[in-house]
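K.L.:
One letter stands for each residue in the lines below.
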Amino acid sequence: MTGDRSRLTMILLMAPLLIWLTALIFIPHAEMFLVSMREKVGVRQYEFGFANYATFFNEPLYWNTFVRTALMSVAATALTLVIGFPVAYYIAKMTRGRSKTILFLLCLIPFWVSELVRTYGWMILLRESGLFSGLLQYVGLASQPIEFLYNDAAIMVGLVYTSMLFMVVPLVTTLDSLDDSMIEAGYDLGGTGVSIWREIVIPHAMPGIVSGCIVVFMLSLGNYLTPILLGGKDSLWFTGLIYTQFITRFNWEQGAAFGFLLLALSSFIVWAGLKLSGQTLSRTMGR
Amino acid sequence: MIPTIPQKPLHVWVWRAYVTAFFVYLALPLTVVCVFAFNDSLFPSLPWQGFTWDWFFGTEQPRLGVFNERPIMRSIGTSAFVAVWVAVLSVAVGTCNAFLFERYDFRFKALLYVLMLLPLVIPGIILGISILVASNFLANTLEDATGLWFDNLRPGLPLVILGQFSFIATFATLVISARLQKFDRSLEEAALNLGATPWGAVRTITLPYLFPAIAGAAVVAVLMSFENFNTTLMLVGSDAPLTITMFDRLKEGSTPVLNAVSLLLMAASAGLGLLSLALQGKKA
Numbered sequence: 001m002t003g004d005r006s007r008l009t010m011i012l013l014m015a016p017l018l019i020w021l022t023a024l025i026f027i028p029h030a031e032m033f034l035v036s037m038r039e040k041v042g043v044r045q046y047e048f049g050f051a052n053y054a055t056f057f058n059e060p061l062y063w064n065t066f067v068r069t070a071l072m073s074v075a076a077t078a079l080t081l082v083i084g085f086p087v088a089y090y091i092a093k094m095t096r097g098r099s100k101t102i103l104f105l106l107c108l109i110p111f112w113v114s115e116l117v118r119t120y121g122w123m124i125l126l127r128e129s130g131l132f133s134g135l136l137q138y139v140g141l142a143s144q145p146i147e148f149l150y151n152d153a154a155i156m157v158g159l160v161y162t163s164m165l166f167m168v169v170p171l172v173t174t175l176d177s178l179d180d181s182m183i184e185a186g187y188d189l190g191g192t193g194v195s196i197w198r199e200i201v202i203p204h205a206m207p208g209i210v211s212g213c214i215v216v217f218m219l220s221l222g223n224y225l226t227p228i229l230l231g232g233k234d235s236l237w238f239t240g241l242i243y244t245q246f247i248t249r250f251n252w253e254q255g256a257a258f259g260f261l262l263l264a265l266s267s268f269i270v271w272a273g274l275k276l277s278g279q280t281l282s283r284t285m286g287r
Numbered sequence: 001m002i003p004t005i006p007q008k009p010l011h012v013w014v015w016r017a018y019v020t021a022f023f024v025y026l027a028l029p030l031t032v033v034c035v036f037a038f039n040d041s042l043f044p045s046l047p048w049q050g051f052t053w054d055w056f057f058g059t060e061q062p063r064l065g066v067f068n069e070r071p072i073m074r075s076i077g078t079s080a081f082v083a084v085w086v087a088v089l090s091v092a093v094g095t096c097n098a099f100l101f102e103r104y105d106f107r108f109k110a111l112l113y114v115l116m117l118l119p120l121v122i123p124g125i126i127l128g129i130s131i132l133v134a135s136n137f138l139a140n141t142l143e144d145a146t147g148l149w150f151d152n153l154r155p156g157l158p159l160v161i162l163g164q165f166s167f168i169a170t171f172a173t174l175v176i177s178a179r180l181q182k183f184d185r186s187l188e189e190a191a192l193n194l195g196a197t198p199w200g201a202v203r204t205i206t207l208p209y210l211f212p213a214i215a216g217a218a219v220v221a222v223l224m225s226f227e228n229f230n231t232t233l234m235l236v237g238s239d240a241p242l243t244i245t246m247f248d249r250l251k252e253g254s255t256p257v258l259n260a261v262s263l264l265l266m267a268a269s270a271g272l273g274l275l276s277l278a279l280q281g282k283k284a
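Residue numbers (our numbering), protein chains in the order written: chain Y, 1 to 287; chain B, 1 to 284.
One chain only, chain B, in its complex shape (with noise of 0.2 Å):
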């Protein structure tokens, strides 16, 4: 069971055995789609036809490449753009949540925290519709008021933002707050007592200290951001994030180059995880 305590070598052999196979299945459905992007055949199945770039530079129909298609291209730059918005967003949030719990004390405190963990509990397809529901009254309301059009509060970009929004702010701020519990506040009060105000005090020691957290919320956003589905499927408008784009495509049966898609989907968020982890790394 533990190291220290002698176990027969079958034991051992049946534990090693089991992790492998957990290991084999976890990696399993992910290299399937790797290696078949790279298959020389319309249909991401067997047989194996052979190794082909197609599915990434084809030119023509039906081989068309993801680099030349132009609606997975425009739906990436879409989710781009939707998970740099998320970011700011969650990051500037989040850290005014992590210096407000962290540095002051006020009445109902406690409540406020957990009302502010709340949005981890709440499936996001409900986030989604509440969100919707609530966005379509306001418009409906302003629009009958006014007599003018309200586009920014119908299903579209600001709302998947502000939906996506409405969860990962949690998670910045819990991966900011962690950083700024191990803040050592002496090194603030010397700021102060060497004359610095207390926003200059937090802007060139605190802040910069942060910097590792702050930057690693960021990237969590981004992934989290790219890979959401839920929330995203029910606020979303004409223009359709990757996700959703990959979505419909699924539904209908497609060529290889969702793999492809997949394939590229699955470096970058490689790269951006070791980047974050980097970043958490230099903590101590």
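The shape of chain Y in the complex, shown without the other chains (with noise of 0.2 Å):
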């Protein structure tokens, strides 16, 4: 191949990625931080200014509702990682060859089916008239209905659930990585089962707690759907205020500020995490 032939060639590939970077993701960023910076004076007449963040920083509803958000993702993350982790662990070492391989897809089915589906499916089991209310009457803990939906334990049961197949993932990739000779070898030094656990298998496991608490972090702060179905009127969700300022009070200026502060949140984390662990963006999520 020609020098020139060649160059072009890869001008032309690379032209559709630049375009889908920059008209998709680069351009849209710079232009809702633009319209976050903007405050509204007038009819169609604008100022620049952070106007914006100093409300949300004025209105306790707003960052209180932040913070909560946060809170809740930190938890909802920690609660996947130890439900998911022991199941993880069965599944890379404790289990072989074709169980093996079942037990893996069965993690996988959920996430084939669309969150709407999943969530739905814990308000069927969690309402006043759902199974749970109705098991319990019928064992005779209760002699009532019982509502479980509409609260924040509801929509922790449901982050968790629609979570879950992102951490599991990672860590029985890298838990399979690890070589029994290790465990082996900790329990020939006289190692117990906890000291090995603390000092081999989860320091080995760290890469892929990490990358799955990121993802889990990530899809629990952005969740829209979730908080929404299952969680109370008092149970506000970010994205929820985001979703309000946009669609129904039509104050853009406000909702792209509410945007821009999710985002810089959600990137916070992915950074630290990554810096944290000493990993890279690429090897974590290229695979």
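Hints in this document: simulated from the structure, not taken from any laboratory.
Mixed in with the good hints there might be a few duds.
[What the hints assert, rightly or not] Covered by chain B, per the in silico footprint, the following chain Y stretches (three or more residues, Cβ under 8 Å):
1. 20-34
2. 82-90
3. 109-115
4. 230-244
5. 265-271
A virtual CB, placed ideally from N, CA and C, is assigned to each residue, including glycine.
Two chains, two separate frames, one set of hints: put the complex together.
P.N.:
Structure representation (structure tokens):
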């Protein structure tokens, strides 16, 4: 191939990438940032300024919701990790061959189903006329229907369920690469179950733990469906505020500012997670 | 802890019980959705009133089945339309990206690769609003300048397609790159030695080799597009895709017709998922 020709091909191949990233990622985000820096001073009259961000900090409802969303996402991430880790360990280390493949594929199934359907399933289970309430009445533990839906615990159940796959898959992948002889050596050297977990298994699984936690946190933070459908009237979620500003109140300036704050928080967590674990985005996401 | 190390039977049972409980937890919501699609009651809840096919084939209100429910059928069509476009665009761009990143070296390659991955770590709702804001700005500017109408830049299906494409393209790139990495370039060189043009070699040798990945990426793109909610919600116009229609119904409270749609969705995604697994399985 001649140099010029190869160069031309390269430019042609690069064009779609550049158009995609510029037109759909960079320009929209720059535009969103500019809109968030606009203050409305009259009908179709705007000034440059920080008023929208000031509103966020001056209005307790807004930043309380922001902090609440962040904290509940952290809690959901931790819960997902604690629940998912033993399962990932079991699949990676305690099963072999066919049953391993089958168990792993079973973990993937909920992912193929829309998040909406998954949430709907939880609504049917948890609502007042739902299965859990019915079961409790049937065994005699409750004398009347109980409402499990519309509270923060229901949101947590939904978030953990939705995110589980994104935790289990990276964990299984990293734990799979842990050589059994390492664990055996640990026992030979007099380690107990606990010390082997602490000194061998968990350090080895760290890259998987980090990438799983990053993805789960990000998904929980940006989730809209689960808090809206499973949460109650007081269970505000930050994405809900963004939606309200954009679609219901038509206050795009405020909504853009909220959006930017959410993006900043999620980017910061991703960045901090990668830094803390010494990973790079290419290695974590690029598989 | 591992099979080669003897353990107390109690431990083994605790592990098994835990893992079983976990899979029950995974399966429970989906099972419930499926089972209640056949409940002969106006509400998707207890008590169980007996078995019925009404929520699939029922012909009159209030027992209107999925197949006779016009809005739902129409929104399935809308979703399919969007999904096909997203899949075609994502696969086309993804294939170009794969060749670019696997075959060429250029300045800022590592940076560009990270930028290509960025859409994965931007919350979907933010992708949606940023595209909404930018396209609205563009439409206003163009309309002010020309006096014409640019409806395609207002919330609606073209924007939904672009919004979903903006992050699904990354997945397509990753899937196709992974296979291109394993390609043996000497096959292409042999074709060139035998007198093929560079494009001819790529078309007759490399692209057929990539086909399983391309088809797999297309299936994944269709599934992700069908399922997408967050980005779509911000960009949707008057034609609602299926997830949006279902969400509106869900908020109002609905008959088990929603369970029936969900069951059909699950069956379709399971079929497509198996198809993509089969395609990926040919990798070796």
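K.L.:
Now, for every hint given, state plainly whether the structure supports it.
P.N.:
Okay, the hints, checked on the actual structure:
1. Residues of the segment 20-34 of chain Y lying with their CB closer than 8 Å to a CB of chain B number 9, which satisfies the three-residue condition for coverage.
2. Counting residues of the segment 82-90 of chain Y whose beta carbon lies closer than 8 Å to any beta carbon of chain B gives 4, which reaches the threshold of three, so the coverage claim holds.
3. Coverage of the segment 109-115 of chain Y by chain B holds [criterion: at least 3 residues with CB-CB distance below 8 Å; count 6].
4. With a threshold of 8 Å between beta carbons, the proposed coverage of the segment 230-244 of chain Y by chain B holds, since 3 of its residues qualify and at least three are required.
5. Counting residues of the segment 265-271 of chain Y whose CB lies closer than 8 Å to any CB of chain B gives 3, so the stated coverage by that chain holds, three being the minimum.
In this structure, none of the earlier numbered hints is contradicted; all agree with it.
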